Amino acid sequence: MNNPMKRYRIYLFVSLFIALLLAGCGANSAGSEPSDSSNKVKDSEKMVIKLGHVTNDQSAIHKGSIKFKEIIEEESNGTMEVQVIPGGQLGNEKDLVESTQIGTIHMTIPSAAVLSNFVPKASVLTLPYIIEGKNEREKYEYFHKLAKTDVYKEIALQSNEAGLEIFPEAVWWVGDRHVTTKDKTIETPEKIRGLKIRTPDATAHTEPFRLLKANVTPMNITEVYMSLKTGTIEAQENSINQIYTNKFQEVQNVVNLTGHMTQNELPAVNLNWWKGLTEDQKKMITDAMAVSGEYMSELQLKANEEELNLLKESGMKVVDVDIDAYKAATKDTYKAFEDKLGNGYYEKIKDAQK
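Just so it is clear: in the sequence shown, position 122 is 122 by this note's numbering, and no numbers are missing.
Just so you know, these hints were derived from the structure itself, not from any lab.
Just so we're clear, the structure is a prediction, and the values are computed from it rather than from any experiment.
Take these hints with a grain of salt, some might be off.
[Unchecked claim] Capping the alpha-carbon separation at 30 Å, the derived lysine-lysine pairs in BS3-like fashion look like this:
{"id": "1", "residue 1": "Lys335", "residue 2": "Lys348"}
{"id": "2", "residue 1": "Lys283", "residue 2": "Lys148"}
{"id": "3", "residue 1": "Lys317", "residue 2": "Lys348"}
{"id": "4", "residue 1": "Lys145", "residue 2": "Lys348"}
{"id": "5", "residue 1": "Lys153", "residue 2": "Lys67"}
{"id": "6", "residue 1": "Lys196", "residue 2": "Lys213"}
{"id": "7", "residue 1": "Lys354", "residue 2": "Lys196"}
{"id": "8", "residue 1": "Lys335", "residue 2": "Lys275"}
{"id": "9", "residue 1": "Lys94", "residue 2": "Lys148"}
{"id": "10", "residue 1": "Lys302", "residue 2": "Lys335"}
{"id": "11", "residue 1": "Lys283", "residue 2": "Lys50"}
{"id": "12", "residue 1": "Lys67", "residue 2": "Lys213"}
{"id": "13", "residue 1": "Lys229", "residue 2": "Lys213"}
{"id": "14", "residue 1": "Lys182", "residue 2": "Lys153"}
{"id": "15", "residue 1": "Lys94", "residue 2": "Lys302"}
{"id": "16", "residue 1": "Lys191", "residue 2": "Lys94"}
{"id": "17", "residue 1": "Lys182", "residue 2": "Lys63"}
{"id": "18", "residue 1": "Lys350", "residue 2": "Lys302"}
{"id": "19", "residue 1": "Lys63", "residue 2": "Lys145"}
[What the hints assert, rightly or not] Derived Cβ-Cβ restraints for the label pairs, each shown as a range:
{"id": "20", "residue 1": "Gly315", "residue 2": "Gly231", "range": "16 to 24 Å"}
{"id": "21", "residue 1": "Asn309", "residue 2": "Lys283", "range": "38 to 46 Å"}
{"id": "22", "residue 1": "Thr104", "residue 2": "Tyr225", "range": "28 to 36 Å"}
{"id": "23", "residue 1": "Asn272", "residue 2": "Lys134", "range": "39 to 47 Å"}
{"id": "24", "residue 1": "Thr149", "residue 2": "Thr232", "range": "28 to 36 Å"}
{"id": "25", "residue 1": "Asn253", "residue 2": "Gln89", "range": "42 to 50 Å"}
{"id": "26", "residue 1": "Gly276", "residue 2": "Gln83", "range": "13 to 21 Å"}
All residues carry an ideal CB built from backbone N, CA and C; glycine is no exception.
Could you build the full structure based on these sequences and the hints that come with them?
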């Protein structure tokens, strides 16, 4: 080790080895790690959006919610995650709207009837025959037309007063409600007089039948099947989907296609949260809500046709009614909502569809 040249060679070898080792670590640090971090978003950096609704995981509404989730997560490149919580796990529709107001969840998808408790002008969508059209497909197209008008957007503006933001052009279609009976057919309004019929406990549902002089019996849907079976009530009104999935065909023999109410869902988000989003994020959510709404609506329209055929196959008689006569008999329903709607709003909604 006393040879200077030998010591120099050893020093040179060790220095070269260390330099190569450091270069290798640097290359790995500059290559592998950024590549990995650029393709993955850390969980702490994700925006998590909680969406709660009350329908089961086989419903068109849930499938539409999943479509919304897929679009948002793809379009945001993983920077936004949507957690869909179905089946009323977080409460009923009213509970979910209240949770959205205070920010416990970010968004929900209530019916117009439920939302009208918070946004009064939404009650116009619950009125008899408010949407034009001779069948569900036509009504769906008319509703799309209505949703693009300034008159309809007044509902969205009023939602801000309730701490909510809704999406006027996001149409989530559920469909028409009809009356089922044991054996009696009700082709004309005169035939429904005195009929003991169950409705949900809400003015939008009870008032039309009060005007028709039926014997209105508000009741929770969980009690309806047994009440029909025992004869406590003679009839009930509901969407084709609810008639079929609740097996009312086992205790009722007739579907009277009254189409007296058209049910739509109105997605709503927390207003303060919404205001905190960037313009790009707002556009992404707005567009995704419209696209997923169309997807959901098409599923529901198809399901309504299929389930009506299944009701026929089960032995139920399907009866057409005199729609014009029913319209005339229930036209004053809106008077029960004048305080909520304001003067002339009902007429504006009707005119906007012409």
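Checked hints:
no. : hint                         : verdict
1   : Lys335 to Lys348             : holds, 15 Å
2   : Lys283 to Lys148             : holds, 16 Å
3   : Lys317 to Lys348             : violated, 37 Å
4   : Lys145 to Lys348             : holds, 14 Å
5   : Lys153 to Lys67              : holds, 25 Å
6   : Lys196 to Lys213             : holds, 10 Å
7   : Lys354 to Lys196             : violated, 36 Å
8   : Lys335 to Lys275             : violated, 36 Å
9   : Lys94 to Lys148              : holds, 26 Å
10  : Lys302 to Lys335             : violated, 34 Å
11  : Lys283 to Lys50              : holds, 18 Å
12  : Lys67 to Lys213              : violated, 43 Å
13  : Lys229 to Lys213             : holds, 23 Å
14  : Lys182 to Lys153             : violated, 41 Å
15  : Lys94 to Lys302              : holds, 28 Å
16  : Lys191 to Lys94              : violated, 35 Å
17  : Lys182 to Lys63              : violated, 33 Å
18  : Lys350 to Lys302             : holds, 27 Å
19  : Lys63 to Lys145              : holds, 24 Å
20  : Gly315 to Gly231: 16 to 24 Å : holds, 19 Å
21  : Asn309 to Lys283: 38 to 46 Å : holds, 40 Å
22  : Thr104 to Tyr225: 28 to 36 Å : holds, 33 Å
23  : Asn272 to Lys134: 39 to 47 Å : holds, 43 Å
24  : Thr149 to Thr232: 28 to 36 Å : violated, 43 Å
25  : Asn253 to Gln89: 42 to 50 Å  : violated, 36 Å
26  : Gly276 to Gln83: 13 to 21 Å  : holds, 18 Å
Violation of the numbered hints given earlier is confined to hints 3, 7, 8, 10, 12, 14, 16, 17, 24 and 25; the remaining hints are satisfied by the structure.
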